[in-house]
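Starting from the known structure of chain A, arrange chain B on it as the hints suggest.
Keeping their order, the protein sequence lines are chains A and B. Sequential numbering of the first sequence, starting at 1, is according to this note's numbering. Sequential numbering of the second sequence, starting at 1, is according to this note's numbering.
I should point out that these hints are in silico values taken from the structure, not numbers from a laboratory. There may be inaccurate statements among the hints.
[Claimed, not checked] Okay, the calculated bits of chain A under chain B, using three or more residues with CB under 8 Å as the criterion:
(1) 75-86
(2) 100-114
(3) 135-148
Note that beta-carbon positions come from the ideal geometry of N, C-alpha and C, so glycine has one too.
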Amino acid sequence: MNRLPLLDITPNVLDTMSSQGHETDSAKPPTDPPAVIEAVGLHKSFGDKMAVRDLSFTVGAGRVVGLLGPNGAGKTTTIKMLTTLLPIDGGVARVAGFDVSSNPRAVRTVIGLAGQAAAVDEMLTARENLRLFGRLYKMPKADLQARIADLVERFRLADFADRPVSTLSGGERRRVDVVAALVADPPALFLDEPTTGLDPRSRNEMWEAIESLAASGTAILLTTQYLEEADRLADEIVMIDEGAVVAEGTPRQLKQQLKRDVLEIHFESDHDLSKALTIVGDIPRMTSTSETREIHIPIDEGAGPALDTLRLLGDSGVTIADFQFRRPTLDDVFLSLTNPNAK
Amino acid sequence: MTTTASPARHRFDPDASISDKARAALLDTATVTWRDMVRTSRRPEMLAFAVIMGVFFLVLFNYVFGGAIGAGTGVDYIQFVVPGVLVITALQGAQQTGTGLAADLSEGVTDRFRSLPMNQGAVIAGRTVADAARNLAGLVLLALVGIAMGFRFSSFGGAVASIALTLAVGFAFSWLSATIAAKVRNPEMVGMLSMFWLFPLMLASSAFAPPESMPGWLQGFATHQPISVAANAVRDLSLGLDAGRDVLYALAWVIGMLAVFIPLSSRLYRRAA
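Here chain A stands alone, though its shape is the one from the complex (with noise of 0.2 Å):
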């Protein structure tokens, strides 16, 4: 048996991710690069409740996945059984090449993971948590400490890196928590909603932080409620619903795929909106809100038919406040396919 030195089996990751990497060489575009993250039919049930269902995708090495979905649709329950933190009913999962759910150890020499609580010491301070977790890969004391001092610097966490985590700020702590999941250099990395409860200062750092490590090589799996997020970091989306994929793509790709563009309307008064709504009719997937004073209509082909529509209430004597003609958002994607009865 070829026994490799306790500290070391770095080979055996590049091993395994070379070889894919050929595979996938052979069978897709040759700029694809290896996938780290590979989930494969992946199936979880608590009791007779289906959380998650046949869902597969592949994260490759650099490339940033954003796993969206509304509360409940099976996001964290598909992260933790990625991490090893849930047994997975069906379906294969692999990161780095181990098969998680055999290789369940060896899977976690080669991830990170900052989930949705602050996964922190609290009484520590940040670099001590470092150090912890630094330790507990079993990293050689001088690695550690080098690369404490480099995480420390390109993190920017110099100023409040010896003061205990309790005192933090959110953001600040946040920033712990993911740089935490970093300590060891891990070839796949998984972020539960690494931006919720941020300021947008803390959030434009934190995504900044994230490009930087995806420009670095790391995979990243990532999930979010904030569609903003998914399409400024996500290199692909994997959209979810009730445990199961409803849309995937880049967020181009599913932007196109509604073949909608959106005209916003906002009018000057509720007359004006209430005159507008019976004068446009009844259009499919139009939606109004009162209190704003606005209509969204969807519509399906080019500026023509937005023109008709504003000349048409123009001539009526509807008085317009203002009006939009937009590419459909994240957001409309999401609203379209996801359960309208799930909150």
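Below, chain B alone, put in the same frame as chain A:
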């Protein structure tokens, strides 16, 4: 493979041999111990509380009840009660193991531990070792207070042996306490449940009064339960009496409890999802 710029560099071999696994488990335990000791140092009031409780018992029993109980003990009551209070203090320290572990389990950091390539049993083992270290500090301080109140160890060796045995008993109860926490997992609930083992063991014991003065139905329990056995052994050691039999009996309790609660707590902890 420059595109996969950062395959993790530090990898624990999942197929490591038994001795490597044991070494890794020890490293993990040392790491968790360090973490829990840092936490303890951030909350010195926990240690202070343990010592103050001990002093409280010493003062209460020595000056309030001592006159009444002391006559039946055959020795100066302070000599009788200090070993008892030392053991009780270790027992209360052990109770903290459970509440601390339950707090851990209800925090996100446990999810992180479970996703790391570490020996999961080290989470409990590290805590019990760190709690033993805190207990050591508390016991030494309390012994000094006892000495100030007139208590005397017969020899330095007797003092060391007394504290060491007390620590061992506290360590065994830490694992009992951890087992309850791994099962129940709610810090408040663990705190309440601990009253059910703490008080009977503490009061229906030879720690404060000789069991001979208790009714027959209670005497059997009060004579043979681990806290009484430990208090007797520590008393023998501190007085320089022939301690062999009581010490062996106490160590048998310690080993028996560890043999049951180490595997049980680890299993329950692993099951906690």
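For each hint, the structure was consulted:
no.: 1; hint: 75-86; in the structure: holds (count 4)
no.: 2; hint: 100-114; in the structure: holds (count 8)
no.: 3; hint: 135-148; in the structure: holds (count 7)
The structure meets every hint from the earlier list without exception.
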